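Trainee: Sequence:
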Amino acid sequence: MKRLSNVLLCLLLLWPATALRAQTQEPQLQVTKIASDVYIHTTFNRYNGVLFPSHGMIISSKDGVVLVDTGWGNEPTEQLLAWIKTNLKQPVKACVATHFHEDKMGGIDALQTKGIPLMASELTALLAAENKKGTPDVTFASDTTFSVGRQLVEVYYPGGGHTADNVVVYLPKQRILFGGCLVKDGQAKNLGNVADADLKNWPTAIVRLQHRYPKAKMVVPSHGPWGDQSLLSHTIELLQSSK
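Here the sequence shown is numbered in the numbering used here, starting from 3 and rising by one per residue.
Mixed in with the good hints, there may be bad ones.
Stated by the list, open to error - What follows is a list of derived Cβ distance ranges for each label pair:
#, residue 1, residue 2, range
1, Ala143, Thr34, 29 to 39 Å
2, Thr206, Pro29, 29 to 39 Å
3, Ala84, Thr137, 21 to 31 Å
4, Thr137, Lys35, 29 to 39 Å
5, Ala84, Ser243, 40 to 50 Å
Unchecked claim - Computed cross-link-like contacts, DSS-like style, restricted to lysine-lysine with a CA-CA straight-line distance of at most 30 Å:
#, residue 1, residue 2
6, Lys95, Lys35
7, Lys191, Lys217
8, Lys87, Lys64
9, Lys219, Lys134
10, Lys219, Lys175
11, Lys35, Lys87
12, Lys217, Lys64
13, Lys35, Lys134
14, Lys175, Lys95
15, Lys134, Lys116
16, Lys217, Lys202
17, Lys202, Lys91
18, Lys202, Lys191
19, Lys135, Lys95
20, Lys116, Lys64
21, Lys134, Lys95
22, Lys95, Lys217
23, Lys116, Lys87
24, Lys64, Lys35
25, Lys116, Lys35
26, Lys91, Lys64
27, Lys116, Lys135
28, Lys202, Lys64
29, Lys202, Lys135
30, Lys87, Lys135
31, Lys35, Lys217
32, Lys64, Lys95
33, Lys175, Lys217
34, Lys95, Lys116
35, Lys95, Lys219
36, Lys35, Lys91
Simulated from the structure, these hints should not be mistaken for lab results.
Bear in mind that the values here come from a model prediction, so they are computed numbers and not experimental data.
Note that beta-carbon positions come from the ideal geometry of N, C-alpha and C, so glycine has one too.
Kindly generate the complete structure, drawing on both the sequences and the hints.
Mentor: Next up, the structure:
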């Protein structure tokens, strides 16, 4: 009886630590449907000790899936591919990286291992090589438009901003603008990581988005809640206040 009591005591002493680890376990992959055949994939990582989400997009069609950005690293990207296989039951045809940073193409090895091509601009490929981030399989000069199934996907380069190479992706059918790290969310108080930013041209790049996509009804940033066109205005305000 004494031995049993000792075992129970040990279990009780261990329980709070085990419960705390369960409560503080960091989030993994999240997928949110935002429109017909369009989902946001969200993975997480730490920047300066703070846990940040990073959004990408899943575009589904009768002919397969196109990803916009990988997960934030290879393991999250493997989880993303597993989610698509289980839930959408479709092959992933390609992934478009919106710039060369880790949160956008850090899962390149996970894609290429499965024979999924990573598409990026020539400038992104150059910067990725310089920073040892991997080699895209397909490159395009600046802007490009392609279709998967009946879904039109427009990739547009508005000029440097968050990085010299950042591109955006627009879905005309759903009127969704994926602004990536070029666009700040409505709750953002600052510009975040500006180590590779083109602060001089960034406001011009946002104005170009406003003029090119006035009909966009949803704007998706990389690191916070998505919203409407007000996110573009908010980004300009942050840029002005940072001078």
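Trainee: It remains to establish, for every hint, whether it holds in the given structure.
Mentor: Taking the hints in turn, this is what the structure says about them:
1. Range check, Ala143 to Thr34: about 33 Å between beta-carbon atoms, so the 29 to 39 Å window is met.
2. A C-beta distance of roughly 35 Å is found between Thr206 and Pro29, which places it inside the suggested range of 29 to 39 Å.
3. At about 24 Å, the beta-carbon gap between Ala84 and Thr137 stays in the expected band of 21 to 31 Å.
4. Remark: the range hint 29 to 39 Å for Thr137 to Lys35 is upheld by a beta-carbon distance near 32 Å.
5. For Ala84 and Ser243, the hinted distance range of 40 to 50 Å is satisfied, since their beta carbons lie about 42 Å from each other.
6. Among the hinted pairs, Lys95 with Lys35 is consistent with the structure: their alpha-carbon atoms are about 19 Å apart, no more than 30 Å.
7. A threshold of 30 Å between alpha carbons decides the hint, and for Lys191 with Lys217 the separation of about 26 Å falls inside it, so the pair holds.
8. Restraint check: the Cα-Cα separation between Lys87 and Lys64 comes to about 14 Å, which is no more than 30 Å; the hinted pair holds.
9. Pair hint Lys219 plus Lys134 does not hold up; C-alpha atoms about 37 Å apart against a cutoff of 30 Å.
10. Restraint check for Lys219 and Lys175: the C-alpha separation of about 11 Å stays at or below 30 Å, so the hint holds.
11. About 16 Å separates the Cα atoms of Lys35 and Lys87, which keeps this hinted pair within 30 Å; it holds.
12. A C-alpha spacing of about 26 Å is found between Lys217 and Lys64, which places the hinted pair at or below 30 Å, so the restraint holds.
13. Distance check on the hinted pair: Lys35 and Lys134 sit about 33 Å apart at the alpha-carbon level, beyond 30 Å; violated.
14. Distance hint between Lys175 and Lys95 is fulfilled; the C-alpha atoms sit about 19 Å from each other, no more than 30 Å.
15. For the hint linking Lys134 to Lys116, the alpha-carbon distance of about 21 Å falls within 30 Å, and the restraint holds.
16. For the hint linking Lys217 to Lys202, the alpha-carbon distance of about 26 Å falls within 30 Å, and the restraint holds.
17. With a CA separation close to 44 Å, the supplied pair Lys202 and Lys91 exceeds the 30 Å bound.
18. A threshold of 30 Å between alpha carbons decides the hint, and for Lys202 with Lys191 the separation of about 19 Å falls inside it, so the pair holds.
19. At most 30 Å may separate the alpha-carbon atoms for a hinted pair to count; Lys135 and Lys95 meet this at roughly 21 Å.
20. For the proposed pair Lys116 and Lys64, the alpha carbon gap of about 20 Å is at most 30 Å, so the pair holds.
21. Distance restraint check for Lys134 and Lys95: the Cα-Cα separation of roughly 24 Å lies within the 30 Å cut-off, and the hinted pair is therefore satisfied.
22. For the given pair, Lys95 sits about 28 Å from Lys217 by alpha-carbon distance, which is consistent with the 30 Å threshold.
23. A distance of roughly 12 Å separates the Cα atoms of Lys116 and Lys87; the hinted pair therefore holds under the 30 Å criterion.
24. Restraint check for Lys64 and Lys35: the C-alpha separation of about 17 Å stays at or below 30 Å, so the hint holds.
25. Restraint check: the Cα-Cα separation between Lys116 and Lys35 comes to about 25 Å, which is no more than 30 Å; the hinted pair holds.
26. At roughly 11 Å between alpha-carbon atoms, Lys91 and Lys64 fall within 30 Å of each other, so this suggested pair holds.
27. A threshold of 30 Å between alpha carbons decides the hint, and for Lys116 with Lys135 the separation of about 18 Å falls inside it, so the pair holds.
28. Straight-line distance between C-alpha atoms of Lys202 and Lys64 comes to about 42 Å, which puts the hinted pair past the 30 Å bound.
29. Taking the CA atoms of Lys202 and Lys135, the gap is near 26 Å; set against the 30 Å cutoff, the hint holds.
30. Simply put, Lys87 and Lys135 have alpha-carbon atoms about 26 Å apart, close enough for the 30 Å limit, and the pair holds.
31. Between Lys35 and Lys217, the direct Cα distance comes to roughly 20 Å. Compliance with the 30 Å bound is thereby established for this hinted pair.
32. Only pairs whose Cα atoms come within 30 Å are accepted, and Lys64 paired with Lys95 is accepted, the gap being roughly 11 Å.
33. Proximity of Lys175 to Lys217 is assessed by CA-CA distance (about 11 Å); at most 30 Å being required, the pair is judged to hold.
34. Of the pairs offered as hints, the one joining Lys95 and Lys116 holds, with about 11 Å between alpha carbons and a cut-off of 30 Å not exceeded.
35. With a C-alpha separation of about 26 Å, the suggested pair Lys95 and Lys219 falls inside the 30 Å cut-off, and the hint holds.
36. Using a Cα cut-off of 30 Å, the hinted pair Lys35 and Lys91 holds, with the two alpha carbons roughly 16 Å apart.
Consistency note: the structure conflicts with the earlier hints numbered 9, 13, 17 and 28.
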